[in-house]
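Can you build the whole structure from these sequences, using the hints too?
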Amino acid sequence: MDFIEFGMTWMPFLLEGVGVTLGLWAVAMVLGFCLALLLVWGRVYGSKPIYLVATTYVEVFRGTPMLVQLFFIYLGLPEIGIVLDPFSAAALAIGLNTAAYQAEYFRGAIQSLPSGQMVAARAMGMSRFQALRDIILPQAGRRVIPQWSNEAVVELKYTSIAYAIGLTELTARAEQVGYQTFQFLEAFTLVAIIYLVLTGIVAQSLDLLERKTRIPGLTYTGGKME
Amino acid sequence: MSDNPILRVRDVRKTYGGVEVLKGVSFDLERGQSKIVIGPSGTGKSTLLRCINLLSPPDSGSVILDGVTVEERGINQIRAQIGFVFQEFNLFTHLRVLDNVRLAQRNVLGRSKREATKRALEELERVGLSDKLEAYPAELSGGQKQRASIARALAMDPKLILFDEPTSALDPELTGEVVQVMKDLANAGMTMLVVSHEMGFAKAAADEVIFMEGGVIVEQGPPSTLFTCPEHARTSQFLRMITHEHEEG
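Which chain is which? The protein sequence lines are L and A, in order. The first sequence: position 91 = 91 (full-length UniProt numbering), numbered continuously. The second sequence: position 134 = 134 (full-length UniProt numbering), numbered continuously.
Simulated from the structure, these hints should not be mistaken for laboratory data. Incorrect hints may appear among the rest.
[To be verified] With a straight-line Cα cutoff of 30 Å, these simulated DSS-like cross-link-like pairs (lysine-lysine) come out: (1) A:LYS113 with L:LYS212; (2) A:LYS159 with A:LYS113; (3) A:LYS132 with L:LYS212.
Predicted, not measured: the structure shown is a model, and the values here were computed from it.
Dropping the structure here:
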């Protein structure tokens, strides 16, 4: 019962942090999505130099810790005159990082489509751009939803690393509650529940989207399309 | 032979991974004519079709469609005039049958939605799929898929249609419906180049048979001549083999 009272008292304070967390997540995911489209273009259809640039990007961002990337941007870049506030630095770090992962998921979805789809489109006189826009993207887009959903949930949790550069998001607020009340167990239980609800909503929404846009013969099977 | 064939193929050569698949192939296709290409597998028949619309550009030689040389420049406009029917159908998985037949009419030919719908409905009726407009490809049988893909090619009003083993991926009991559609097309005056071993189609609807082996045309002629008294021993050998297979099957 004490926990419920504790929750009622501190929930409004924590919910203010939810706004920052969701804002950070949304900006990072959109940034990552746009950049991922460019990367996947380079990885799948780019000329050799473009392919190499895109591949290097993906390997660097997947091969180093996100915290290092965040410190590089927030603490390192000021040395060359680029100073960002904590929110922008965190959004940029998470966005650049998720772009590498999203690009890989898009690439997997595109390459799992039977090559005959592109061939048939080109044989009818469509340009490569038309074939990508009208055939490949609508198919790959549907197939990538489950993995993209997973990535969205992972990044929602990763927004907590912004705590390390002093952004008062959800996790930081939970810590503040802990120090004010010395009830750390309750504070972090509460914040865990909030994260769980948020990730649950994201996963369920994308699952609904996946079911609403499902087309026979195009469902995700974890491997090649039937 | 007229002086103005719809398709003129001259000395087309193609090498794949060090192997010369086509060693100089030449033939003409007249307007309204249907020719069937037969021959052992690995003989370059499908490669020949893909060389015609540059899905697989030839190393040398020329392809002339209705007086215009087929080349990379302006290839999309040329491909729009050449229908292509694939062994594996290749219907667009995410589109219903009607949209499969409408899409390229819209984005390649620039037709209005109304016009594209009208043409799609006409061709889908012709192949007997008027009741499947809203179905997705995965909900169709193999024979229905292939008929839909023929309608998709026809709706573009092509100058000719290339068929790449259109019945090879079908269960035997489903080949009949596709062959019937192809016979009707040939009889209605569609210009067709068909790679297939469907003897039913060859005998009933082909104007000429081309026998290919080892990357060259061994001989060609009307089915009545080529099937009854072929000039070359290899042709009669091959014909014996496939008729034998059909009888066993």
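The hints, checked one at a time:
no., hint, in the structure
1, A:LYS113 with L:LYS212, "holds (25 Å)"
2, A:LYS159 with A:LYS113, "holds (22 Å)"
3, A:LYS132 with L:LYS212, "holds (22 Å)"
Violation of the numbered hints given earlier is absent; every hint is satisfied by the structure.
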